[in-house]
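Could you slot chain C onto chain Y? The hints should help.
Protein sequences, first through last, are from chains Y and C. One gets the numbering used here by counting positions in the first sequence from 1 and adding 474 to each. One gets the numbering used here by counting positions in the second sequence from 1 and adding 591 to each.
Simulated from the structure, these hints should not be mistaken for lab results. All residues carry an ideal CB built from backbone N, CA and C; glycine is no exception. Treat the hints with caution; some may be incorrect.
Listed below are several chain Y residues computed to face chain C (Cβ distance under 8 Å; list not exhaustive) [claimed, not checked]: (1) Ala538; (2) Ala819; (3) Ile822; (4) Gly825.
Pairwise CB distance ranges (calculated) [said to hold, decoys possible]: (5) C:Glu688 / Y:Asp844: 16 to 24 Å; (6) C:Thr689 / Y:Arg743: 54 to 62 Å; (7) Y:Thr880 / C:Ala948: 53 to 61 Å; (8) C:Ala814 / Y:Asp844: 46 to 54 Å; (9) C:Thr689 / Y:Asp844: 14 to 22 Å.
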Amino acid sequence: MADLTSTFIGIKSPNPFWLASAPPTDKEYNVRRAFEAGWGGVVWKTLGAEGPPVVNVNGPRYGAIYGADRRLLGLNNIELITDRPLQTNLREIKAVKRDYPDRAMVVSLMVPCEEDAWKAILPVVEETGADGIELNFGCPHGMSERGMGAAVGQVPEYIEMVTRWCKQTTRMPVIVKLTPNITDVRKPAEAAKRGGADAVSLINTINSITSVNLDTMSPEPSIDGKGSHGGYCGPAVKPIAMSMVSEIARNPETHGLPISGIGGVTTWRDAAEFISLGCGNVQVCTAVMTYGFKIVSEMVSGLSDWMDEKGYSSVDEVVGRAIPNVTDWQYLNLNYVAKAKISQADCIKCGRCYAACEDTSHQAISMSEDRTFEVIDAECVACNLCVNVCPVEGCITMEPMATGETDPRTGKPVEPDYANWTTHPNNPGAVAAE
Amino acid sequence: MPNTQMTPGIVAGRLDSDQLSENFADLHPPYAGHEAAVAADRCYFCHDAPCMTACPTDIDIPLFIRQIQTGTPDAAAKTILGQNILGGMCARVCPTETLCEEVCVREVAEGKPVEIGRLQRYATDHLMASGEHPFERAAATGKSVAVVGAGPAGLSCAHRLAMHGHDVTLYDAKPKPGGLNEFGIAAYKTTHDFAAREVDWLLQIGGISTEFGKALGSDLDLATLSKQFDAVFLSIGLGGVNSLRAAGEERDGVADAVSFIANLRQADDLSKLKVGRNVVVIGGGMTAVDAAVQSKLLGAENVTIAYRRGRDQMGASRFEQDLAASHGVRILPHAQPVAVHGNGAAAEVEFEYTTSADGKLTGTGETFRLAADQVFKAIGQTLDGAPDGLEIEGGKIKVGANGSTSITGVWAGGDCATGGDDLTVTAVAEGRDAAEDIHAKLMG
Chain Y
475 MADLTSTFIG IKSPNPFWLA SAPPTDKEYN VRRAFEAGWG GVVWKTLGAE
525 GPPVVNVNGP RYGAIYGADR RLLGLNNIEL ITDRPLQTNL REIKAVKRDY
575 PDRAMVVSLM VPCEEDAWKA ILPVVEETGA DGIELNFGCP HGMSERGMGA
625 AVGQVPEYIE MVTRWCKQTT RMPVIVKLTP NITDVRKPAE AAKRGGADAV
675 SLINTINSIT SVNLDTMSPE PSIDGKGSHG GYCGPAVKPI AMSMVSEIAR
725 NPETHGLPIS GIGGVTTWRD AAEFISLGCG NVQVCTAVMT YGFKIVSEMV
775 SGLSDWMDEK GYSSVDEVVG RAIPNVTDWQ YLNLNYVAKA KISQADCIKC
825 GRCYAACEDT SHQAISMSED RTFEVIDAEC VACNLCVNVC PVEGCITMEP
875 MATGETDPRT GKPVEPDYAN WTTHPNNPGA VAAE
Chain C
592 MPNTQMTPGI VAGRLDSDQL SENFADLHPP YAGHEAAVAA DRCYFCHDAP
642 CMTACPTDID IPLFIRQIQT GTPDAAAKTI LGQNILGGMC ARVCPTETLC
692 EEVCVREVAE GKPVEIGRLQ RYATDHLMAS GEHPFERAAA TGKSVAVVGA
742 GPAGLSCAHR LAMHGHDVTL YDAKPKPGGL NEFGIAAYKT THDFAAREVD
792 WLLQIGGIST EFGKALGSDL DLATLSKQFD AVFLSIGLGG VNSLRAAGEE
842 RDGVADAVSF IANLRQADDL SKLKVGRNVV VIGGGMTAVD AAVQSKLLGA
892 ENVTIAYRRG RDQMGASRFE QDLAASHGVR ILPHAQPVAV HGNGAAAEVE
942 FEYTTSADGK LTGTGETFRL AADQVFKAIG QTLDGAPDGL EIEGGKIKVG
992 ANGSTSITGV WAGGDCATGG DDLTVTAVAE GRDAAEDIHA KLMG
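So that you can see chain Y by itself, here it is in the shape it has in the complex (with noise of 0.2 Å):
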């Protein structure tokens, strides 16, 4: 069986799966049961600076979008850091530490933009035993107004003064936690690296109004009858989530910097191609949020058995696989043809393939009178829409033509060499190919 077990930097779990600074992390009973449930490590919910606490709305925090049978695919919140004292969680932590010193206990930061501020709380933090720190510089909302969270984020030079007085500071490795809120996410992680940070997470959340209520005129969730922008995450921010990680993974400047993965992580496979995009953990929140812990189980498995059948022995070994493969669309090759090829056997005749194709693409699907549908080869550009509507998987599959065949579409051969838009003849600004 495939070993599980993770190291990242310096900080060990029995997996790479780890809560997310949220509410399932907030207090010692969530934390408790989260690891009796078998999650690996925990970042604790952000905690702000000795004195009173921040305070929450009295109303709905979270807002939602759904898929079909009302999936959760979407969700949102306008949640502030810990509402609880300080020292409360500060007591809280060091009992669940010592209690569970296998697991990862990370606490999650968030104290104005002063070095007196993070001078103070890092000792009282480093105190508890935890394992490292992660600095919240991505929370989008309440607390960006007040000069900290994703107002720090979206500032690489206020990143990295922070994060370099907190290396300064304390033992403890540190995490800067980033913000999708931003125009190019490589920036701010730079920043951290300068700052000398042991590895970023990322995205936080995202600015968003999930809906409005039509009768009253509010955006959801509503107070009293007026909304805030909430940050926005689960299944639905994935592939922003993954497309950030992969540019400060394929970034020079920051290639090889650790990466915690964050960002609708909700099964196994969410959590493999995270990793393979060059995340050497996962964190997770909106899917127990929605499931509740017990997921963690079909994570493990589900990791687990994929990695022995493709004969990969350590976590490690999975990470930044898949960064080879994220080019920019100038290099991808223009002389790789396919063609959607429709499986008769797994056709259930819905249709949805010839719709999507006839009102919105290419006309490549025809349908006869005994709804039989099929490819017009010499029509397809291999655009993945029809995989995309179909509701059976598998259904339709892109298969590539071998080389020296004859595309019907274009009545050309194709092609056996690699070539792309830097060399092509249509481009303005081509290069000779050597």
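Okay, now just chain C, sitting in the frame of chain Y:
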């Protein structure tokens, strides 16, 4: 001592009132909102959907289900009712398992279709609960049409004509409207007096005057109607019942299944309705199943459906056959009645086994007897009292594509006319299409 299922003869009160009301509750209880949402989410919104094609009234099923999905069940109801004004009844009685749901791609893929009938009921119930009628009458045309027979075909035709602005007089031989919806469908398929409520709701369109208790032949005649009105639509159903042509058919205890079903539907107190201990129903269609199942629900101890051909040739769908079997009704195929025996009243039915080869049915010569104190004939209805001068084909009024008959100015539809299955939904389609044709002719 009260009667039980074991009491010999044809008696009332075999079951107590609580058991009876439980037995005759809604066969498919209506969806609650959550159930409807879950069921609606299963629809794939197929292109040129097979369910639509299978629907005799061409309801845009994917559209109405999407309207339910998006929280607008009244809009869904309008999509349904625009094609089929009796969409509420059809949602209850359509054999969806042989129509829309049979061809649902999820039936093909998983053996579990989207429950179209129940979704249709959810939408139509939702709109009808408001009491409002969703259609408006066009400006009066000054034309008048007589609709003879207030069953599904007549109601559908009358509504569509009234909507186009014509003045309609709706006749029926029975003292109340509804036809088979009111008198001919198992009680558990249309509970809480739905048929009558639906007619009241339908008549809200306006422009329809009703004259019930008037039968063609005795109170009305076609020649007079044709003079009095600009057009006539005949939807008189099938009033006659086929005979068994078996010895002893006249014995006490032998009755028409249709009358039994009608009496049951009109009964105020089911505990006063008589049923045999040993009931034999002869026939293989929906009427046979309705009579057999309801006999069982009333407390008959043994109920058998005897059919002279094989099960796959029964008019009742497999779903209906299974429904009967699940209520403990025995289905006995390949048995044809020879005689009803008894001393005055029926006591036994004698059957002969049959075989069929090359479509030809022959008796094997081997006979057997079934105990029977009550025997229901459900072997088909016949056209009764069709006016002279109308061309008849295969025992029905011959009609063209849109219900036109051999007499100019006279249209016909529903069970009394040729074409289509004898289903509520088919009758609705025929009434609607004839109305459109009448409208075109009158305004052309």
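So, going through the hints one by one against the coordinates:
1. Below 8 Å, beta-carbon pairs count as interface contacts, and Ala538 of chain Y has none with chain C, the closest being about 15 Å; its hint is therefore violated.
2. The beta carbon of Ala819 of chain Y is not positioned within 8 Å of any beta carbon in chain C (closest approach about 12 Å), and the interface hint is therefore violated.
3. Satisfaction of the interface hint for Ile822 of chain Y is found here, the shortest Cβ-Cβ separation to chain C being roughly 4 Å, below the 8 Å cut-off.
4. The criterion of a C-beta within 8 Å of any C-beta in chain C is met by Gly825 of chain Y, whose closest approach is roughly 3 Å, and the hint holds.
5. Look at Glu688 of chain C against Asp844 of chain Y: about 21 Å separates their beta carbons, and that is inside 16 to 24 Å.
6. The given range of 54 to 62 Å is broken by Thr689 of chain C and Arg743 of chain Y, whose C-beta atoms sit roughly 41 Å from each other.
7. The hinted window of 53 to 61 Å between Thr880 of chain Y and Ala948 of chain C holds, with their beta carbons roughly 57 Å apart.
8. Separated by about 49 Å at the C-beta atoms, Ala814 of chain C and Asp844 of chain Y satisfy the suggested range of 46 to 54 Å.
9. At about 19 Å, the beta-carbon gap between Thr689 of chain C and Asp844 of chain Y stays in the expected band of 14 to 22 Å.
In summary, the structure is inconsistent with hints 1, 2, 6 from the numbered list given earlier, while agreeing with the others.
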